[in-house]
Amino acid sequence: MEDVTVDSGPIAPRRGRPPVSDRQRQRQRLEISRHAVRLFAAHGVAATSGEQIARAAGVSERTLWRYFPSKESCVEPLLTRSVAAFRTVLHAWPPGVDLTEHLRAAYRPALDPSADGDAEAVLTVIRLTHGEPALRAVYLVLRERAEDTFAEVLAERAGGAADPLDVRMRAATMSAVLKVATDDLARAVAEEGVTPEVLRRHREQLADALSLVSRGR
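So for the sequence shown, the working numbering puts the first residue at 1; every next one is plus one.
There's no promise every hint is true.
[What the hints assert, rightly or not] EDC-like cross-link-like pairs, simulated, lysine to aspartate or glutamate; straight-line CA separation at most 16 Å:
#1 179 x 208
#2 179 x 156
#3 179 x 204
#4 179 x 147
[As the list claims (entries may be wrong)] Derived Cβ-Cβ restraints for the label pairs, each shown as a range:
#5 60 x 191: 33 to 43 Å
#6 157 x 208: 10 to 20 Å
#7 201 x 120: 38 to 48 Å
#8 97 x 49: 44 to 54 Å
#9 52 x 157: 43 to 53 Å
#10 43 x 96: 44 to 54 Å
#11 65 x 141: 11 to 21 Å
#12 96 x 23: 31 to 41 Å
#13 60 x 208: 11 to 21 Å
#14 176 x 106: 19 to 29 Å
#15 196 x 61: 29 to 39 Å
Calculated from the structure, these hints are not laboratory results.
Even for Gly, the Cβ is constructed at its ideal location relative to N, Cα and C.
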């Protein structure tokens, strides 16, 4: 008896959802973050569940936990914006230009609504970190991570001649200055609103303090 080979035809394409691109993933994480902050502000962190956040964001709980290890960490995408604006302008710091001069000309904080459409949400979550220890912990971890960027820029400006420990200490000081200035800006905006004077005062305070740090004083 002869063997018979059966042609099964073309292989059917795999079914299921197509892979999510990095841009889509970041967009979805930010959307979840917006809803988490809104719920935390309305009900508090303890009274808000991951299930509620997922339902509000229109995603499954499985998706939520794939993107975030805890409900508190859902605020990361928005909190990151409070650091990202400064990190971006620091990377663009031209050699030979004083940091104070550069910040006064180029820095626009993420809490400025004209610079970021999520400014109010960023303001809200920064205020929440003062009364919610779990959110404060997330905030401080993000600021600590930003120190790596600050250290890279400071080391580059020193031309490799600076002591690594000295660079790290300056980066940590820079991070602390930015945290204090951002907290003060969030408070000032809540009390006075977003005015040119509030933003100018913040920029001046930050520029003056960081100029001293960058010069190693």
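Comparing the hints with the structure gives:
1. 179 x 208: OK: residue 179 and residue 208 at ~15 Å, within 16 Å.
2. 179 x 156: violated, 23 Å
3. 179 x 204: Roughly 15 Å separates the two Cα atoms, so the pair holds.
4. 179 x 147: Within the cut-off at roughly 11 Å; holds.
5. 60 x 191: 33 to 43 Å: holds, 40 Å
6. 157 x 208: 10 to 20 Å: Since residue 157 and residue 208 have Cβ atoms about 18 Å apart, the given range 10 to 20 Å holds.
7. 201 x 120: 38 to 48 Å: violated, 20 Å
8. 97 x 49: 44 to 54 Å: Because 49 Å falls inside the window, the suggested range holds.
9. 52 x 157: 43 to 53 Å: Given a distance of about 46 Å, which is inside 43 to 53 Å, the answer is holds.
10. 43 x 96: 44 to 54 Å: Holds, at about 51 Å.
11. 65 x 141: 11 to 21 Å: holds, 19 Å
12. 96 x 23: 31 to 41 Å: Holds, at about 35 Å.
13. 60 x 208: 11 to 21 Å: This hint is violated: roughly 49 Å between Cβ atoms.
14. 176 x 106: 19 to 29 Å: holds, 22 Å
15. 196 x 61: 29 to 39 Å: Because 44 Å falls outside the window, the suggested range is violated.
In this structure, the hints that do not hold are numbers 2, 7, 13, 15, in rising order.
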